[in-house]
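Trainee: Chain by chain, the residues:
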Amino acid sequence: MTLLRAAGLELVRRGRGILRGIGLAADAGEFIAVIGPNGAGKSTLLAALAGLVRPDRGEITLDGRPLRDYAPRELARRRGYLPQNPRCEWPLSVERAVALGLAPLGREDAARVDAVLASCDLGTLRAQPVTTLSGGELARAMLARALVADPELLIVDEPLAGLDPRHAWDAAQRLREYAVDRGRLVIASIHDLNIALRRATRIWALRDGLLLADGPPQHVLHGALLEELFGMMAQLRGVGTSAWVEFAPDGR
Amino acid sequence: MRRVAPLAWLLPLLGALALFSLLPGRAGWLLPWRLTGHDAELARLILWELRLPRLLLALLVGAALGLAGAVLQGLTRNPLAEPGLIGASAGASLGAVIAIYSGLGAAFALAMPLLGLAGALLGTLLTLALGGGGTLSLILAGAAVSGMLLAGTALVLNLAPNPYAAYEISHWMLGSLADRSWDQLGLATPFVLLGMAMLLGTGPSLDALSLGELQAASLGVQLPALRRRVVVGTALAVGAATAVTGTIGFIGLLAPHLVRGAVGHAPRRVLLPAALMGALLLLVADLVARLLPLAQELQLGVLTGLTGSPFFLWLVWRMQRESP
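One line per chain: the protein sequences are B and S, in this order.
Count along the first sequence starting at 1, add 52, and that's the number in this note's numbering.
Count along the second sequence starting at 1, add 1253, and that's the number in this note's numbering.
No lab work stands behind these hints, which were simulated from the structure alone.
Think of the CB as a built atom: it goes at the ideal place given N, C-alpha and C, for glycine as much as any other residue.
All clues given are correct.
Sample of chain S residues lacking proximity to chain B, with all beta carbon distances greater than 10 Å (derived):
id: 1; residue: Gly1268
id: 2; residue: Leu1412
id: 3; residue: Met1451
id: 4; residue: Leu1545
id: 5; residue: Leu1568
So the derived list for chain S, only partly shown, Cβ under 8 Å to chain B, looks like this:
id: 6; residue: Arg1330
id: 7; residue: Pro1457
id: 8; residue: Asp1460
id: 9; residue: Ala1461
id: 10; residue: Ser1463
id: 11; residue: Leu1464
id: 12; residue: Gly1465
id: 13; residue: Gln1468
id: 14; residue: Ala1470
id: 15; residue: Ser1471
id: 16; residue: Leu1472
id: 17; residue: Gly1473
id: 18; residue: Gln1475
id: 19; residue: Gly1517
id: 20; residue: Ala1519
id: 21; residue: Pro1520
Using the sequences and the hints, build the whole thing.
Mentor: Here it is as structure tokens:
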């Protein structure tokens, strides 16, 4: 059965259609990159899929059951969510901040926290107050916070924003492994198209609240779609797994 | 490097100070052997009717203020938040002042606490109705409602028919634990304890809120229900307390700060120590008020205001330095 399914999603805010009839379906084992220009509706779509924003029309089901039928706590156990620029407002230690992700389970679990700290390369920072971390370290700590409860469905809004190239590729690799190797569904909005192309198993391309393309990166990411999405000349260079996206700001 | 849990030293210190606080007062030092001496009857009367209710009131009110401060700071994620913020204190003042003004308070002893409690509930419900949409709007609505209720209190003061009523009102507003009866304590206690129980239960949600409202919601926290619980719990605890003692500022602001570092900043772990610290602070303030050799006993609100505002300024200064 399909893990996550949405049909006819519509959402209007201040007379503007943010989501305009979106239908999609996704399954465990997929790492889906949501791409599109600023204001395309990516964040709203992710928040709606996470059950945090209720669409005006349409229905979302998780495991065949409408999202709105889940109790908040039950949903929290099955789906992890990380908003854009997540932060922690008190100077908690990294370890305690990460452990907050276990809240829906209602119990502490030191072994899980240790494991996720190690896998996110945070072992040496565990006692440090989160408010003193660098931007990249904080992003890693927050990702660990979202991973610690081991949700079946993980939705992350721009997890790579503000990361240097190495940490961005690392984080994308971590998300891919979480999806593919552990059999989870990961949906992330990503601006770096090369990372989306090489690491995601599938692309959702969004513009003006419409889903313009849905499919494997190599099939979907081509010059015509990129021009339509971003209003800028672009093309795919190279072939297969070593292909890359190139924009031409001054024309060809 | 584990720091000593604050409860380990707060509890013994509080116990020792509580016992000591039974000794001094306007009716003279109550040393233990007086309880068996030739005026034992009088000594027991002083202990039972004056010192003991005063001690229990200090513990109860201080704990309520400290806990409410800790919960409000956790909810708003703002270290400057305190119980006066959401209209509870101002509402309680208005209610109590109306009781004095109308003469109800003199005719019927429980009128003041009851009207104070009603005022606190009115203030917090107004705040919740106007600013229920988000934490920031809650704070702004609280400031507006407090301003309105304080203006109402000033109006009552302005219209007071005789200078004696005006004096009594302004004196009451300064806050004090002196000469409160068992009846007043008994009436306030259930409301304060109920409010505190509601507030203590918010711990896990406040912890999740450290990550911001969106992440907290994604972790299963129901924010509107949490806000309602905090506001009603604060109204009960602080409203009932204020109705008996008058407004006592800064305890709710200070207490959480003094224990936060020692428990590693997690909002849930701050709650209980902040309640004990609040009780300790109020007990110390009341002891100082009693022991200062002045012709007229210093009012508690004056004392906490005098010592609390420099701390508040230091806090603002430190925050500015940290985030310019």
